[in-house]
Amino acid sequence: MFLLRYIVLPPLIALLANLLLGRWWGRKTTATLACGSVLLSFLVSLRDSYYLYMITLPETRVASDVMFTWLSIGRFEIPVEFVLDPLSGAMCLIITGVGFLIHLYSVGYMWHDPGFRRFFVYLNLFIVFMLLLVLADNLLLLFVGWEGVGLCSYLLIGFWHADMKNASAGKKAFVVNRIGDLGFLIGLLLVFAAFNTLSVSEMQEIISDAIARHLPLPLAPLAATVICLCLFVGACGKSAQIPLYVWLPDAMAGPTPVSALIHAATMVTAGVYMIARLHFLYAFSPFASGVVAVVGAATAIYAAIIGLAQNDIKKVLAYSTVSQLGYMFLAVGVGAYTFGIFHLATHAFFKALLFLGSGSVIHALSGEQDLRKMGGLCRRLPVTFWTFLAGTLAIAGVWPLAGFFSKDEILIAARLAETPLISGRALFAVGLSAAFLTAFYMGRLFVMAFLGPCRVEADKQHHIHESPWTMTVPLIVLALLSAVGGAAGVYHHSFARWLSPLYGAPDAAPPAVEHFVMAASLAVAFGGLALSFLFYLQAPTLPDRLARTAGWLYRWVAEKFYVDELYEWIVVRPVYYVGVAGQAFDKHVVDRAVNWTGGGLKGAGFLLSFFQSGNVGTYAIWFLIGVSILLHVMR
Amino acid sequence: MSHLLPDILFYVFSALSVAGAVLVLVNRNPMTCAMSLVVSVLSLAILYLLLSAHFLAVAQMIVYAGAIVVLFIFVIMLLNLTDEELGRFRFSLFKTIGAFVAVATLLAVAPDIRVSIPAPAAGDAGAPAGYGSTKAVGKLLFGEFLLPFELTSILILSAMVAGVVLAKRELQPKKTHSLVDWLLGFFRT
Amino acid sequence: MISITAADLSGISPALHLAVAGIAIMLLDALWPMRSKLLSVWITLAALGCSLTTSLHRLTAGVDVTLFNGAVRMDGYAHAFSAIICLASTLAVLSAPKYLRLRGVHLAEYYALLLFSVCGMVLFAAAEELIMLFLALETLSIPVYCLVGFTRTNVYSTEASMKYFVIGAFATGFLVYGIALLYGAAGSGYLVDLRAGAARAPGLFYAGMTLLLVGFLFKIGAVPFNMWTPDAYEGAPTPVTTFMAEAVKAAPFGGMIKVLFVGFGFDAAVGLWQPALVVIAVLTMTVGNLTALVQTDVKRMMGYSSIAHSGYILVGILAASKLQSADALAAVLYYLFVYVLMNAGAFGILILFSHKDKDTNAVEDLTGLARERPWAAALMAVYMLSLTGLPPLAGFFGKFYIFSYAVKAGYVPLVIIAILNSVVSAYYYLKVIVAMYFRGPEDTGRAAVFHYEGYSVFLLAMLWFTAWGILYYGIHSEPQLALARLAASSLFATAP
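In the order they appear, the protein sequences are chains C, L and P.
The opening residue of the first sequence carries number 1420 in this note's numbering; numbering runs sequentially from there.
The opening residue of the second sequence carries number 12 in this note's numbering; numbering runs sequentially from there.
The opening residue of the third sequence carries number 121 in this note's numbering; numbering runs sequentially from there.
Hints listed in this document are in silico derivations from the structure and should not be mistaken for laboratory results.
Values in this document were obtained by computation on a predicted structure and should not be read as measured data.
Be a bit skeptical, because a hint or two may be false.
Keeping only pairs whose Cα atoms sit at most 30 Å apart, straight-line, the calculated DSS-like set for lysine-lysine is [what the hints assert, rightly or not]:
hint: 1; chain 1: P; residue 1: 528; chain 2: P; residue 2: 442
hint: 2; chain 1: C; residue 1: 1447; chain 2: C; residue 2: 1879
hint: 3; chain 1: P; residue 1: 476; chain 2: L; residue 2: 179
hint: 4; chain 1: C; residue 1: 1734; chain 2: C; residue 2: 1879
hint: 5; chain 1: P; residue 1: 478; chain 2: C; residue 2: 2021
hint: 6; chain 1: P; residue 1: 551; chain 2: C; residue 2: 2021
hint: 7; chain 1: C; residue 1: 1792; chain 2: C; residue 2: 1879
hint: 8; chain 1: P; residue 1: 478; chain 2: P; residue 2: 551
hint: 9; chain 1: L; residue 1: 179; chain 2: P; residue 2: 478
hint: 10; chain 1: P; residue 1: 476; chain 2: P; residue 2: 551
hint: 11; chain 1: C; residue 1: 1734; chain 2: C; residue 2: 1792
hint: 12; chain 1: C; residue 1: 1734; chain 2: P; residue 2: 551
For the chain L half of the interface with chain C, some residues (derived, Cβ under 7 Å), not all of them [unchecked claim]:
hint: 13; residue: 108
hint: 14; residue: 109
hint: 15; residue: 112
hint: 16; residue: 115
hint: 17; residue: 116
hint: 18; residue: 119
hint: 19; residue: 120
Far from chain L by the CB rule (all over 12 Å, computed), these chain P residues [unchecked claim]:
hint: 20; residue: 182
hint: 21; residue: 442
hint: 22; residue: 482
hint: 23; residue: 483
hint: 24; residue: 532
hint: 25; residue: 536
hint: 26; residue: 539
hint: 27; residue: 571
hint: 28; residue: 573
hint: 29; residue: 581
hint: 30; residue: 596
hint: 31; residue: 613
From the three backbone atoms N, C-alpha and C, an ideal C-beta is built for every residue, glycine too.
Make a model of the complete structure from these sequences and hints.
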């Protein structure tokens, strides 16, 4: 017996209670309700997933729960139906699990905010829509969740709306997402035209039926390509891929738990999830899959380069998120759906951890976000320091932390990929370079925030304090997950086997390739980290303590000063300037293009409003012109 | 010859009707305009006669030429506009474009209409006996077109109310006792 | 000789209730002026309620009668339009009393005129014959010209009324000319006979068809016959704008669809109206949305938005005519129903905060609303998001049904243009939300105070009903769609 609807209901009830009755009770009740409901969802998801696991035949591991018939147009019916299969089960666990931790964290983070209740109402609403998105069998219901999470994201980005910049960031997110939704909606309509249904399971049945009985497929290769590309445009908008990524860095204007939950762990991965869910459509169109892979790889490296030159701690993490999402698209683009989802899971752990850690830092420093005004926080914020270290090593891909395994698998898949657009080697090279840059900027971030001399402004110095337990406990749990989550996933291929009903058992890679990729990715991870330590720790004002703890490094750095300068001129400076150029490109060309499109439309509006002179005679003339054209045309 | 006479009359009076309408548009003096309008509506009445619509022709004369234009003339006389107030007729780009487009529209319709008017059937003896008489029109109005006829009364009523609302000076009723108040008071005492 | 049967009278009772109530209000006002105002509100609501329930009842019962020697036909289609229009008018009436009283123009005539207009609308969708069609259209229009100028002390209101009247009379001229030509071509004014004219006298027929179409396109505000819309919407008293944006908007579609489907038909030889409508639909959506982008006045913006929505509805009509399916036409009816709810609500919020001396019209006037009046802001946000077409609100499904049938009918480029347009429209609807939620007095430099000046129980009921409808009928559109299908199939039963 599955209890699918009870995964979605608890947060919904909690949010309604907080919304309607919240004013009569205090923050503690609000917080308990909000967090407790998500925990309950998590437990129900866990229970249902376990029951799913208990079904012996992997192919039949699907459970569905029809709540009611939502609408029907003639023969075409859309029930509100939830479907739990291994993929949506994994997503539910991530959403409710990580979501619960972030809820808990937010209690401490938002405690003093006057909009406390509103914040939790939005947050619970987000969880509801996100669960709707992943549990929906019908694409239209999925679209409801899709738009709903967008709306919540928009509300939460602009949460501190006293600042006009936040409001416009929220608006930018909304408008850019609408452009993506345009593609999604067209894709949806085309799917409906082709299959006459929007139910994923029915679509799959139609296709497998056609294959089994050697009937012509319901869609031509070209149609499949067009549909897949349209849907991918939607995914680009939601998951911040080139060229629709511009909203995500701006979205960091929202409170940090929001960045962790929505703009790192869950919502932005919806695009990856959607493609993984519709993998059978993408299987028809190697071209569309190739496009997904290329856009993913390009985003991975492009965002990583921009990340090099950022000084705002959350901006670095934002570009890092865009880059990691690029990895996931690279994975699903080359057909490695299992590893795309696997990376989605591990990324949810370590990126949520990094965001929450940065939130803890910002919280301790009374809202300071500039990396140049941090440093030396390792002693003052020990829990944050150690957990952040775990997150940094995980994202950099250091063995045996989570990021290593998922990234490694993606790189192997990219290396072996055969796409009609680009060779697997090129994808692999791009992915590896991005991994190197990731290690480098994360090392830089870590060093600038926690190591080195303290550059915090004097008036904020005495405020620095470790966060309350509601904030540190989630950090510790996420750090543990970031550390062991990856190893647990590859142990006996447990994650791949869990998803095998959808994607089949993964092919074993040739050992030579596997070892080569493993060595290469480890090398770039350590290389990137070492280089960043080398460069950012050798500043002249380095405190003695650090000199002693990392004495051999310090001496080596000091002695090899010329080499270091060489490094700076050959590697760091060019990379830095490329980063600056990338940022400038982003700011001046991409942003402008977005603005110009809006401006162009507005200009057209102005021109058109000139026709509206207010003079009745003019109206009559336009009217007459219309009539005579019509008369000529209709003859 | 007798075949030609109705045709000649038709062309003469339709030309007059159009000319009258154009004069209404281009004249500056409202009195001249009103008189041109009379020409136009009377010519139309003749056209109705030529189509054996006797009742309609008479109604056209009484209602339009008789009532409506007279009303116009009253208003014009009450306002008593001088030549200075009226200004002179000026050509403007605006009017030129308007005229041009109007003629273009007309030209767009005219050729099609001309070539496609169905020729009368060979045995067509024209209008049946009594066609266009008061009796025939009455039968139509209270028979086939009963509902449109009734609807017209609503239409005219609402047009009247609309006119009064827009023109009345004092909108709110004075604090006087109405009939109902008086009756109610009668019961109260 | 005079042949009115009891069946005739009971058959057109949805229209009859309204006309009788209108006349009763006039009499009451003459006899008892001191008490007539509030009474006339109740009489109006009662009459609209009677018509609404009668229409709905007959729609579900499948009543289909031809009355008055074939002048009107009260079938499912006419009853459905009657229901939509009565609902829309009820919402408009609910928003009016307090607003008019504040401005000293709370007159019984308002309700009488409104009822006469609604009576015309009901008959317009039922008309089976061109003279009837024309008279119904005029009965529908003339009271509205007056209502637009109802606040006579307001210059803008008077100006808007005058403009609307002049250009409306101009359009009527074309309509009548078209009717004359069609009659000449077909030799009969009945809609079912019109098509025969295409073979008898093609030139007359096409010219007549075009001119008749022009008259309709003017009423629905399609480009390039749309110029009156923003002026009239902006100048009219807000309750009248409400009425215009929903009832006066929905009603012309009733006659238009009927004339197109029953009168002209879908035959390629006659169906030249389809390609012409495609072009007009594209122009209407695009011009409406682009011009709305630069507006700063909510009422004016809604005027342009209503032009754009006419474009979407035209897409639905085209899809229905290509597929010739009742389901596709049902989508159009559902869209109209939803459109009525969204517009009524949006204008209701403006009325709620309109001061006695100054209407709350500019987008800027709503700055910071969410902080002071969170519920009102939330309602407005629901209306705006629904107009944008955000699921799961009803506005999304309205668009979704129309677009999905249009794709089925093969109008893919048209749908892409329509969706692009709805993306553009997100921007200006969002402007309102941004002003309410994300800006405050510090941005505009003047303290905004929000008093519920226009508050009345009527208005409150209207606002909650519309918001509930948008949320509820988004999730449960099935009953509404079933009714719409019933109505649409009764039209297709008579169409060729």
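For each hint, the structure was consulted:
1. P:528 x P:442: Roughly 9 Å separates the two Cα atoms, so the pair holds.
2. C:1447 x C:1879: holds (29 Å)
3. P:476 x L:179: holds (22 Å)
4. C:1734 x C:1879: holds (22 Å)
5. P:478 x C:2021: holds (28 Å)
6. P:551 x C:2021: Distance ~13 Å between residue 551 (chain P) and residue 2021 (chain C) Cα, so the pair holds.
7. C:1792 x C:1879: Answer holds: residue 1792 (chain C) to residue 1879 (chain C) is near 10 Å, not above 30 Å.
8. P:478 x P:551: Satisfied, since the Cα-Cα distance of roughly 21 Å is no more than 30 Å.
9. L:179 x P:478: holds (24 Å)
10. P:476 x P:551: Roughly 25 Å between the alpha carbons, so the hint for residue 476 (chain P) and residue 551 (chain P) holds.
11. C:1734 x C:1792: holds (15 Å)
12. C:1734 x P:551: Given that 30 Å is the threshold and the Cα spacing comes to 27 Å, the pair holds.
13. 108: Given a least distance of 6 Å, the restraint on residue 108 (chain L) holds.
14. 109: holds (5 Å)
15. 112: With a minimum Cβ separation of about 4 Å from chain C (threshold 7 Å), the hint on residue 112 (chain L) holds.
16. 115: Check passed: Cβ of residue 115 (chain L) comes within 5 Å of chain C, closer than 7 Å.
17. 116: holds (4 Å)
18. 119: holds (4 Å)
19. 120: At 6 Å from the nearest chain C Cβ, residue 120 (chain L) passes the 7 Å test, so the hint holds.
20. 182: Answer for residue 182 (chain P): holds, closest chain L Cβ roughly 23 Å.
21. 442: holds (27 Å)
22. 482: Nearest chain L Cβ is 27 Å from residue 482 (chain P), so the label holds.
23. 483: holds (31 Å)
24. 532: holds (32 Å)
25. 536: Nearest chain L Cβ is 32 Å from residue 536 (chain P), so the label holds.
26. 539: Residue 539 (chain P) is indeed farther than 12 Å from all Cβ atoms of chain L, at 35 Å.
27. 571: holds (25 Å)
28. 573: Since the minimum Cβ distance to chain L is about 20 Å, residue 573 (chain P) lies beyond 12 Å and the statement holds.
29. 581: holds (27 Å)
30. 596: holds (38 Å)
31. 613: holds (22 Å)
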